[in-house]
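Novice: One letter stands for each residue in the lines below.
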Amino acid sequence: MSRIGVFTCHCGENIGATVDCAKVAEMCRAIPGVVHSVDYKYMCSDPGQRMMQEAIREHQLDGVVVAACSPRMHEPTFRRAVSGAGINPYMCEMANLREHCSWVHEKGEATTNKAADLIRVLVEKVKHNEPLHPIKVPVTRTAMVIGGGVGGIQVALDIANGGHKVVLVEKSPSIGGHMSQLSETFPTLDCSQCILTPRMVEAAQHPNITLMTYSEVEKVDGFIGNFKVTVRKKARKLDEKLCTGCGLCIQKCPNKKISDEFNEGLGTRTAIYVPFPQAVPNKPVIDMKNCTFYKTGKCKVCEKMCPTGAIRFEQEDELVTLDIGAIVLATGFKLMKTDAFPEYGYGKHKDIIDGMQFERLASASGPTSGVMKRPSDGKEPKTVVFIACSGSRDRAKGVPYCSKICCMYTAKHAMLYKHKVHSGKAYVFYMDIRAAGKDYDEFVRRAIEEDEVKYIRGRVSRIYEEDGKLIVMGADTLMGGEPVVIKADMVVLATAVQSNDRSEELAQTLHVSYDSYGFFAEAHPKLRPVETNTAGIFLAGACQAPRDIPETVAQASGAAAKVVGLFSNEELTREPIVAVVNRQAAPVYSTCTGCFLCQGACPYQAIEQEEIKARDGQILMTLARINPGLCQGCGTCVATCRTKAIDLQGFSNEQLYAELMTL
Amino acid sequence: MAEQFEPKITAFVCNWCTYAGADLTGTSRIKYQSNVRVLRVPCTGRIDYMMVLKALHKGADGIIVSGCHPNDCHYTSGNYHARRRWMVFKKMMEVMGVDMRRITFSWVSAAEGARWAQLVNEVTDQVRALGPYTAFRQVVGAGVE
Amino acid sequence: MEAVIRRAKELLEKGEVKAVLGYAQGTGGVRRPHFAKRPDQVDKLVLDATCAQNLAVYATKHEVKKLGKVAIVALPGTQRALIQLMAERQIRDGEVAILAVDGAELKELDSAQGLEEHLALKTQALDAKDKAKLAELEAMSTEARWAYWQEELSRCMKCYACRNSCPMCYCEHCTMDCNRPQWVPVASHALGNLEYHMVRTMHLAGRCLECGDCGRACPVGIPVHLLTFSAEETIHELFGQRAGRKAKLDYALSTFKTDDKESFIR
Numbered sequence: 287m288s289r290i291g292v293f294t295c296h297c298g299e300n301i302g303a304t305v306d307c308a309k310v311a312e313m314c315r316a317i318p319g320v321v322h323s324v325d326y327k328y329m330c331s332d333p334g335q336r337m338m339q340e341a342i343r344e345h346q347l348d349g350v351v352v353a354a355c356s357p358r359m360h361e362p363t364f365r366r367a368v369s370g371a372g373i374n375p376y377m378c379e380m381a382n383l384r385e386h387c388s389w390v391h392e393k394g395e396a397t398t399n400k401a402a403d404l405i406r407v408l409v410e411k412v413k414h415n416e417p418l419h420p421i422k423v424p425v426t427r428t429a430m431v432i433g434g435g436v437g438g439i440q441v442a443l444d445i446a447n448g449g450h451k452v453v454l455v456e457k458s459p460s461i462g463g464h465m466s467q468l469s470e471t472f473p474t475l476d477c478s479q480c481i482l483t484p485r486m487v488e489a490a491q492h493p494n495i496t497l498m499t500y501s502e503v504e505k506v507d508g509f510i511g512n513f514k515v516t517v518r519k520k521a522r523k524l525d526e527k528l529c530t531g532c533g534l535c536i537q538k539c540p541n542k543k544i545s546d547e548f549n550e551g552l553g554t555r556t557a558i559y560v561p562f563p564q565a566v567p568n569k570p571v572i573d574m575k576n577c578t579f580y581k582t583g584k585c586k587v588c589e590k591m592c593p594t595g596a597i598r599f600e601q602e603d604e605l606v607t608l609d610i611g612a613i614v615l616a617t618g619f620k621l622m623k624t625d626a627f628p629e630y631g632y633g634k635h636k637d638i639i640d641g642m643q644f645e646r647l648a649s650a651s652g653p654t655s656g657v658m659k660r661p662s663d664g665k666e667p668k669t670v671v672f673i674a675c676s677g678s679r680d681r682a683k684g685v686p687y688c689s690k691i692c693c694m695y696t697a698k699h700a701m702l703y704k705h706k707v708h709s710g711k712a713y714v715f716y717m718d719i720r721a722a723g724k725d726y727d728e729f730v731r732r733a734i735e736e737d738e739v740k741y742i743r744g745r746v747s748r749i750y751e752e753d754g755k756l757i758v759m760g761a762d763t764l765m766g767g768e769p770v771v772i773k774a775d776m777v778v779l780a781t782a783v784q785s786n787d788r789s790e791e792l793a794q795t796l797h798v799s800y801d802s803y804g805f806f807a808e809a810h811p812k813l814r815p816v817e818t819n820t821a822g823i824f825l826a827g828a829c830q831a832p833r834d835i836p837e838t839v840a841q842a843s844g845a846a847a848k849v850v851g852l853f854s855n856e857e858l859t860r861e862p863i864v865a866v867v868n869r870q871a872a873p874v875y876s877t878c879t880g881c882f883l884c885q886g887a888c889p890y891q892a893i894e895q896e897e898i899k900a901r902d903g904q905i906l907m908t909l910a911r912i913n914p915g916l917c918q919g920c921g922t923c924v925a926t927c928r929t930k931a932i933d934l935q936g937f938s939n940e941q942l943y944a945e946l947m948t949l
Numbered sequence: 006m007a008e009q010f011e012p013k014i015t016a017f018v019c020n021w022c023t024y025a026g027a028d029l030t031g032t033s034r035i036k037y038q039s040n041v042r043v044l045r046v047p048c049t050g051r052i053d054y055m056m057v058l059k060a061l062h063k064g065a066d067g068i069i070v071s072g073c074h075p076n077d078c079h080y081t082s083g084n085y086h087a088r089r090r091w092m093v094f095k096k097m098m099e100v101m102g103v104d105m106r107r108i109t110f111s112w113v114s115a116a117e118g119a120r121w122a123q124l125v126n127e128v129t130d131q132v133r134a135l136g137p138y139t140a141f142r143q144v145v146g147a148g149v150e
Numbered sequence: 004m005e006a007v008i009r010r011a012k013e014l015l016e017k018g019e020v021k022a023v024l025g026y027a028q029g030t031g032g033v034r035r036p037h038f039a040k041r042p043d044q045v046d047k048l049v050l051d052a053t054c055a056q057n058l059a060v061y062a063t064k065h066e067v068k069k070l071g072k073v074a075i076v077a078l079p080g081t082q083r084a085l086i087q088l089m090a091e092r093q094i095r096d097g098e099v100a101i102l103a104v105d106g107a108e109l110k111e112l113d114s115a116q117g118l119e120e121h122l123a124l125k126t127q128a129l130d131a132k133d134k135a136k137l138a139e140l141e142a143m144s145t146e147a148r149w150a151y152w153q154e155e156l157s158r159c160m161k162c163y164a165c166r167n168s169c170p171m172c173y174c175e176h177c178t179m180d181c182n183r184p185q186w187v188p189v190a191s192h193a194l195g196n197l198e199y200h201m202v203r204t205m206h207l208a209g210r211c212l213e214c215g216d217c218g219r220a221c222p223v224g225i226p227v228h229l230l231t232f233s234a235e236e237t238i239h240e241l242f243g244q245r246a247g248r249k250a251k252l253d254y255a256l257s258t259f260k261t262d263d264k265e266s267f268i269r
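Chain order of the listed sequences is A, B and C.
One gets the working numbering by counting positions in the first sequence from 1 and adding 286 to each.
One gets the working numbering by counting positions in the second sequence from 1 and adding 5 to each.
One gets the working numbering by counting positions in the third sequence from 1 and adding 3 to each.
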């Protein structure tokens, strides 16, 4: 007969205020098989855990139910505590009295009865629990970082410096990401490329880092420690071993009028190009869509000019499959474009630009060499209006969240403008000023007090063009909502930070969760910000949520630490929640009929064939066998099996039947 | 005044989505009716239709089966297999004359705390209006148990 | 028929098969299965419209497998069952010589591939009476259907003739007999009968060959074949897959499409 202990937690007032814990403990004492039932204020605390361990020893308990918060919260905590008292950790289950009971129902008899029901279900389950032992799996100690912006570079450097190999995959021809597009960074006004390019070069030259630029992840199979990642190396149309980065091809390319992505459409580039002069690797790429040769069959000037003969027009994409132990997602963000604003002209006005476009105008390596010229006619703008919160915090635009970085970069933009056009007038329309970081508020004060940027608290309802000027119609709420009309030469919208293009697709490829905005989901919002719910896949930077550079770098180092921790052992210990096909003595061997209807149900190809042989070598039957290294414990095969020859450890048929039959 | 009938609702939920979503309902302190009893499984793929039959056997008036949205299954495809299973199971139960208004299948993600509460409330109200599942209870009662 | 008898004798004389399984005259005008192990036993074989039983059910039995290679006189239902059994790895390719009979046509098939090609040329349709009954059920209200099946199943006594006659019910350790845990009560009370037939229907969904043997076997005349037919037709309508067609397993409930369409999941 089982000897089960039930420990009901008050969780302070969280459970205790709504559920009568003492009564629940008493009700549980009456369940057959329960020999010990108590309630306590904080089971997860040190004294709480110790009390439980003493009770296990004193009453010789062989199973434990902790009735407290969600098992997703503390199951590992209590399993560890229980194993400290000498019994197998898998003999401990948790009943969720908090998230599923006290926090969602009113105080009363019905709630207390529900609590007792929930515990009883787990008691019946535990009666059928079996001791389980962790499974050991080898770990491939190579990491993959997807995304080569400042976050991805930081992760790669940290892991590489930790002594492990890293593959850094970046979809554009160069690493650097959005940070390489910025002119100066807040709050120091450091030149962005000056602080980034040394890191980029370090990543490229690091012996432990392999750069795969102009590449995308196509398929991910396997599981933590044992991923098989297929990467598509898009064809640069170049033999990289021969190219010296001399740039002659770019100089000579006759097709010079292609809209430049790096300059956010404000400049032009050639068909064979590097995205920016400091690109790493400094090897060009041919834009197949716009190249004259691919469109008409004529040209090939670059091939003729190349001194090393590195151009390869026939080059095809290459698919490479790599063995990877851990993956870090650092794919960054994108900015909402100005065409999302009907009230501001649907993006038709060339002089209404977004924050990144302003960065390119301000940048010394940008299309105007850092001189303030407005895009439409190249004239110096004398009055510039900056509109913060364009699209963010706006349910109507589908972005109810705050994009975090705009208040700071708007102040920065206004300051940069004033530094370049001393007599210019800068206005900022804001809702709030969110300057919470170190030296951030001081930075904004400088903009207001030293650089005389005029801050107006209010929103802008409309911008239209009249006589070559942009008429900005806003309001000043600190003056009672008084309308403010400004005739501006240029308007900069601090548009919303959004998840990158196709981030949903990437998340699905990696089997990682994402929210309704396409940002990747962390395992826990407070306590596990760099992990995802998919073991072995970590997060860094703005792909998780809007984030500035210091936070991205910090998070990147955090993710790297997780990877290095994962790689600190040669073997990974896996949870034994896996499916098993039963085996019995001859002549039955198993209740499995060898029909293999289960095989199609497994997402991890974990179901193998096992030949049962007689002593003379004759094959008696072929039965299903589950590879415990691959099985992830979903149980789909268990539900598919007609004879129930397969069972899932931890959620077995007996356990679930017992849970069901007690309700 | 006669005691109002309170339906018994059994819910089978997957650990990674709906169970987590229900946790979020709790964390957000959104209140819902307390008739439901949640049973945790790792994935909707694990949910055997025989479990639903046992729930009915044990007197459930309403049943909820819920998991991750298609494409978001933590185990990649468990919910796709579950979906097919339910499509066939539902048709079979309808052919046999079981009142399938009492069994609700849903996709509730880990971020949909409010939606879980809404779903539970809707199902509880719906089943309360349908009344106790006497037809099935009669069948159970006609046996030795 | 002559062709069948001739070939059967030939196969036995040459020792290519150890037995020929077909139909023979039984008592009361019923046809029963006949195992001819010697050429002289072959003359008892008959083949006419009253021969209906699905003989594939014997192909998975130990006693038959122990004999070695056997030849089976296979009507359409038996043919479909044989290929499905091969897909489910219960019969190995070449273990059975198939004397496929379709109306007056006899074709000898030796491999799963051959059988698949043969079946690809055949159409499969439900018997008109069964179709009409299924349509009638479809038109009933939920309560009427419940009453109908409660009435029919009240006669069930768990004799398991339906299970025994079905070629796809080959599992030696059937779930219905499992008592740890006992998902389906063994007793033939209302609950036990209901759950048994529900679970059996689900086990056959995507695997039923629509041969109708289960309904014919039932001693108290419950139309259990309608349940499995309905499940099989549902699978075909929803997913386009059918049992008894391919030598490679194409089981609807262990495959899926990301855009399987349904309208009832909230």
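A few of these clues could be false.
[Claimed, not checked] Below, a list of computed lysine-lysine pairs in the PhoX-like style, where the Cα atoms sit at most 25 Å apart: (1) A:Lys812 <-> A:Lys690; (2) A:Lys393 <-> B:Lys96; (3) A:Lys569 <-> A:Lys543; (4) A:Lys665 <-> A:Lys755; (5) B:Lys95 <-> C:Lys136; (6) A:Lys704 <-> A:Lys636; (7) A:Lys514 <-> C:Lys260; (8) A:Lys706 <-> A:Lys636; (9) C:Lys69 <-> A:Lys899; (10) B:Lys96 <-> C:Lys136; (11) C:Lys64 <-> B:Lys63; (12) A:Lys899 <-> C:Lys72; (13) B:Lys95 <-> A:Lys393; (14) A:Lys740 <-> A:Lys690; (15) A:Lys457 <-> A:Lys514; (16) B:Lys36 <-> B:Lys13; (17) C:Lys68 <-> A:Lys899.
Since the hints were derived computationally from the structure, they do not count as laboratory data.
Novice: Take the hints in turn and mark each one as holding or not.
Specialist: Verification of the supplied hints:
Straight-line distance between C-alpha atoms of Lys812 (chain A) and Lys690 (chain A) comes to about 18 Å, which keeps the hinted pair within the 25 Å bound. Proposed proximity of Lys393 (chain A) and Lys96 (chain B) is contradicted: the alpha carbons are some 40 Å apart, above 25 Å. The straight-line distance between the Cα atoms of Lys569 (chain A) and Lys543 (chain A) is roughly 20 Å, inside the 25 Å bound, and the hint therefore holds. Pair hint Lys665 (chain A) plus Lys755 (chain A) holds up; C-alpha atoms about 12 Å apart against a cutoff of 25 Å.
At most 25 Å may separate the alpha-carbon atoms for a hinted pair to count; Lys95 (chain B) and Lys136 (chain C) meet this at roughly 20 Å. Taking the CA atoms of Lys704 (chain A) and Lys636 (chain A), the gap is near 21 Å; set against the 25 Å cutoff, the hint holds. Using a Cα cut-off of 25 Å, the hinted pair Lys514 (chain A) and Lys260 (chain C) holds, with the two alpha carbons roughly 24 Å apart. Our distance criterion of 25 Å between C-alpha atoms is met by Lys706 (chain A) and Lys636 (chain A), whose separation comes to about 21 Å.
Proposed proximity of Lys69 (chain C) and Lys899 (chain A) is supported: the alpha carbons are some 17 Å apart, at most 25 Å. For the hint pairing Lys96 (chain B) with Lys136 (chain C), the CA-to-CA distance comes to about 16 Å; that is within 25 Å, so the pair holds. Distance hint between Lys64 (chain C) and Lys63 (chain B) is unfulfilled; the C-alpha atoms sit about 38 Å from each other, more than 25 Å. Restraint check for Lys899 (chain A) and Lys72 (chain C): the C-alpha separation of about 21 Å stays at or below 25 Å, so the hint holds.
A distance of roughly 37 Å separates the Cα atoms of Lys95 (chain B) and Lys393 (chain A); the hinted pair therefore is violated under the 25 Å criterion. The suggested pairing of Lys740 (chain A) with Lys690 (chain A) holds, with an alpha-carbon distance near 21 Å, which does not exceed 25 Å. Restraint check for Lys457 (chain A) and Lys514 (chain A): satisfied, since their Cα atoms lie roughly 19 Å apart, inside the 25 Å limit. The hinted pair formed by Lys36 (chain B) and Lys13 (chain B) meets the criterion: a straight-line CA distance of about 18 Å does not exceed 25 Å.
Between the alpha carbons of Lys68 (chain C) and Lys899 (chain A) the distance comes to roughly 17 Å, so the proposed pair stays at or under 25 Å and holds.
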